[in-house]
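**Student:** Chain by chain, the residues run as shown.
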Amino acid sequence: MRHNFRYLILAVFLSGSALAAEADADKIVKSAASKTSSTNKDWSWQPVAAPELPAIQQKKWARSPIDAFVLTKLEEKGIKPSAEASRAAFIRRATLDAWGLIPTTAEVNAFVNDKSPDAYEKLVDRLLASPKYGERQARKWLDLARYADSSGFQGDQTRPNMWRYRDYVINSFNEDKPYDRFIKEQLAGDEIYPGDNSALVATGFLRGFPDNSNSRDLVQRKYQITTDITDTVGTAILGTTFECARCHNHKSDKISQKDYFALQAFFANVSAVDNIPAPKGPQEVQFEKAQAKWQEATREIREKKKAIVDAYRSEAIAYLFERYSADTQEALRKVYVPDSQWTARDRWINHRYGDYQTDDILANFFRDNASKDAKDYKPEYAEKYAEYKKLDDELKKFDKIKPAKGSNTISAMTELGYADAPPTHVLFTGAFDHPLDEVQPAFPAALTSEKPQIVPTAFSSGRRTALANWIASPQNPLTARVFVNRVWDQYFGSGIVRTVSDFGRAGDKPNNPELLEYLASNFVKQGWSVKKLHKEILLSSVYRQSSDYREDAYKADPENKLLAVFPRKRLDAEQIRDSLLVASGKLEDKVGGPSVMPPVPSNLNAGRFWEVSKDTSDWNRRSLYIFTRRSVPYPLLDTFDMANAQQVHSKRDVTTTPLQALTLFNSDVIFGWSQALAGKVISEAGASESAQVDKLFQVLFARNPDKEEKAALIAFLGSQEKLIKEKIKDSEGKLALAVPVGLKDTQQLDPVRASAFVDLVHTVANSNEFSYRF
Amino acid sequence: MSKFLVSLFVYLALTGSVVAALTEIEEDFMQDIEDIQKSMTSNISLQDAATAKSEAVELEAMFKDVEEFYVKKGDAADAVDWSKESRGYLVAISKALEAKNFDAASQSAVSLAKTCKACHKIYKSKD
Amino acid sequence: MSNNSRRDFLFKTSYGVGGLALSGLMPGGGLFTTFANAASLVDPLSPKGTHFPAKVKSVIWLHMDGAPSTLELFDYKPDLIKLAGQQIPDSFLNGLKAGIRGGDGKLFATDRTWKQHGESGAWFSDLLPNLAKHADKLAFVKSSVTIGATHDISILKLNTGDLNPGRPSLGAWIQYALGSANPDLPAYVVLYNDKKEPTGGSINWSSGFLPAVYQGTAFRPGPSPILHLDRPELIAAAQQQGSLDLLTRLNRVRGAHYPEDTELQARIRSYELAARMEVSAPEAVDLTKETDATKALYGLDEDITKSYGQTLLRARRLVERGVRFIQVVSGPQDIAGDSRNWDGHNDIEENHRTHSKVVDKPIAGLLADLESRGLLDSTLIVWTSEFGRTSYGQSGTGRDHNPWGYTQWLAGGGIKAGTTFGQTDEVGLQAVGKTMDTYDLHATVLQLMGLDHLKTTFLHNGRSERPTVVYGEVIKELLA
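The listed protein sequences correspond, in order, to chains A, B and C. Last residue of the first sequence: 774 in my numbering, with the numbers rising by one and none dropped. Last residue of the second sequence: 127 in my numbering, with the numbers rising by one and none dropped. Last residue of the third sequence: 480 in my numbering, with the numbers rising by one and none dropped.
Among these hints, one or two may not hold up.
Covered stretches of chain A (chain C as the covering partner; in silico rule of three or more C-beta atoms under 8 Å from a C-beta of chain C) [what the hints assert, rightly or not]:
| no. | stretch |
| --- | --- |
| 1 | 547 to 555 |
| 2 | 592 to 606 |
| 3 | 661 to 671 |
It should be emphasised that the hints constitute simulated quantities derived from the structure, not laboratory data. By construction, the Cβ of each residue, glycine as well, lies at the ideal position given by its N, Cα and C atoms.
With the rest of the complex left out, here is chain A (with noise of 0.2 Å):
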């Protein structure tokens, strides 16, 4: 087999010194064709095709499509599938893939008694039909958008409007928009839909990029967003990593340089605008009020920040100006001549700085020139610089009364209202200022032949919609199977290929090329339905299978990469966190919104950047809600492997730490948690110890306890009430307890015992099997 390359080897050589016989070339081109087929490299970029349903044997086992293509692989090994798991196990599991948190004991119990044929099917439309699930497969969309309230790099500023496009996506997912609509509303929303605020707010997904508001050279910046840009659509819509191609022709894929950059160009007029009127709800009623009430108290102060720098406005800008990069201080000179004179590039770059000339940052010119050696010395600016911080310290005082979040505006990327774009070169290594030749926007020739039509709008450049439709096509033979591997790896904890942002040859092959192939078929035959695609796994025997054990199967297939066996997953981080609010009954279920700021701990020293919400209510929010600061992710949620919001994450890591112990275990937050849970299990089971420990299971792991851990658990009791008495005795009576909580009648409660029944609450929390999915 592998000595058919010498021909193949032979034919590199001759299409290149054109010395071929015409016989020769024949064999050549034939041998290499069926090379290709053979080898399949470059499959991912083959159009998607509707495979034939294989022939298995177990036909009662297949429910679906999807277990014909698993089972057919099975048989070929002569492994045989597992068993169904329990239906509580199955509810608890479908309940934490489809709305990342677990069900509580009254939904375990109506799904475990429902007779009815339809059981299954009436429990997974319920699950879709929750804005639970839009919760939970936003985040995941999250994850890909690297999305963040802050911009990144030093300053790392509140971006206040980008909760919008979270609740976007949220609400995009629930209302199961078809996903190449989905698509294109995030890569040219504005072109496309104009008018339609939504589809503004969708550009979110472009506007996502981190951010240095101190750059000093706009050029380069504007290069360093559009590859941000570039490469987050790559990836997390295209499955494929072009950004190597950044720097040089891709060494794996046939993305050539110049290919990159045609893509790049796509983006090439893209701006962010953040101040876009948002539509008047209560939300932004409340903003304005709130914030009109701080304008009105800090009018003054600010008028008097305000007077200081306006006397020495103009050297102070014309200092910061110099402070510029020249190419970046040649655009901004155009201030100074007709609009007509200006390229697209010069709008961009003076838009940019438009936005960052704050009075704040003129300031500094004070600042840097309060001492002798400044070059703008002058004996004053000390003291003005002086007077100007001490004014800031009072404006200071009023942030109690100001908006803590939430805002009137909205943020996009969008175009500045002409129909030019600044031109895209190939960048010599990738460096933004070794301008090689100038690209046009254009798709990668490797992956079709297909021309973007390009169709200029009254106010942008139309590009963007081009990119979008060649996308969202049925015929882009990338974005449904990416989109599909995606949610496969979401359920099944590894994609069918398993490098899931990777369809290019550096990542891995698909293990079940028919099952994607069907998948990513059926999916846009179904019109692109997200939930049709999340209902059929979720309904399939595959899916429903027993995570147990079995020794046949781990010796066949030690990985479990035909899936004989449901593979178990560690909880995502906000699964964790969100079930255990749940579990304690302190989830506050309120969707959307701007985002809130639980309580860190003390030391974590994040000083400005992490403000604890006011509102206690906040504190118990759905993770996806908690603000996402890029210099200082939320530790509860750290711990365990959130996505990092620098760039697009893939998928998220799985460590298993020291930390993560001491987190779950120490948390003053987690422990009243487990209090809370105490309180509620006592409340709900009554006095027996024996129930109460049922009823734990129950919420915590939807089953209950066997003998074997409940004689663990009540003999538990009696020795961890013997410590908590031998404690009080050595405190001479002066010491607290930590005792359930939320109970209506606390008369009947022995506090030591129950002291010690919280210990066993917090412990069985604490276990394997929470943190896990089976």
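Assemble chains B and C onto chain A, guided by the hints.
**Tutor:** Coordinates of chains B and C only, in the frame set by chain A:
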């Protein structure tokens, strides 16, 4: 002759995929070499002399192809030398394996890998 | 499964074939470790034997994040200074990837003063006056090479030997092969001095395909290296121990359903280690008992060096406590422009002046301190980076990435101090002659830890995997 060339190029341009196939084969081939080499290294470590040796022999034949290719290509004396060197290491590996000298085989495998790297530095990423 | 049969099952798996094989303590892990999955009761971190006597007990891996230009620090190139401003002659580009050729690459030099130091006569620029005093302790590798890509990817290669996530980092291999010398602390600790985790994140101290228990543990900078080290306020130590015992029991009972699951087993261990760390970790990183003289040695009395100095002083304390591998990632500084680490694409003068200042005194202090405590002979210090920087300039005042020739150095036990291995061409762009790739560095570090990199193996997917993939040669010239 020139007529043929034109038609070949037209064909290539039209199909696209064949262009990719022709230029990529070298990479596929080298990828196979890399795979077998990794497997061989593992088998040396696992002291599976028989399998490792058959892989060494296979690799040696493949490097012969590589050597021929660069000879024909011309202006690639260094690549020809590296191919020869690689074949030398593979012969040494086979011999060491026959003698069940796994340490020596391991060392030669490292030298082989190093040669690959040296050659790739010049030849791998030229598109 | 009845309780009886479950007990039988546990008994069999823990004392069966797998258990015995592992307790046989294969040096370097051996090939039977995959069977160890079944042996949940055997301690995967118990100390294991070496292949040959180890020269050092601990490694301090000083990663200069962002990639310094060693042309500004160690690699003195009079020709580069002479030719600065001129187009780089084609002869120096020989063999470099096509993209570099024909580029606008003018040679670039910053304004440095160069001097030779120590008996070895090693060159140092004016940027590292303190380190220069320890010239005779260092062994330079001036012909380092690697694969150049983005920082994230080359950093991954530096730590794991591969460009894609999935392989174990060097520290994980060492922890796997040697076990832990101190049951109360992780044997593999990552230190950094930024608010957030270093570039590239936890995949750089991942256990890859090795069991999860071997991954590194990251300590935060500042007074609390680990959040949540203190028990909840109302819980006494004995009480928590009681809870922990119950936890272990529950996890074991349930874990019997998943005998092959190393992740679940690692989680059990993580709680046990966590409990011990509540006591040992604060003590290990508590600098209050250090003398003022020691603190000054590391630059703790100066703002610019304080943060990195604390990190290195912690590293020394961890060495004293038997931690095997301490990976220290240099932290960011507030420097104008886009790059806060060593990544000097623009204004390399200011960038390197600042970063050199940050690390110079603390590293010199570390060397002096280890020496005075008699620890230098049993500790290996590796000064390393993901790549170097080009001799030609970028953006007028900066330098681009250079994977073709840059300097790293080693010091400590088993090292031939005062030597230089390898060299670059006259302008410092490419290594000439013998080179050291990351694999060779890994092989050399393992050698000093008493491990043969060819025999430090783990069976994964039927393949025998090793830290150096298929590469790696011990650089004998560096060994005493």
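**Student:** Under 8 Å between beta-carbons, do enough residues of the stretch 661 to 671 of chain A, three at least, approach chain C for the coverage claim to hold?
**Tutor:** Our answer is that it holds, as 8 residues pass the Cβ test (under 8 Å) against chain C, meeting three.
**Student:** Taking beta carbons only, do three or more residues of the stretch 547 to 555 of chain A come closer than 8 Å to chain C?
**Tutor:** holds (count 3)
**Student:** Counting residues of the stretch 592 to 606 of chain A whose CB is closer than 8 Å to a CB in chain C, do you get three or more?
**Tutor:** Held - the stretch 592 to 606 of chain A has 5 residues with a Cβ nearer than 8 Å to chain C, which meets the minimum of three.
This entry satisfies every hint, going by the numbered hints stated previously.
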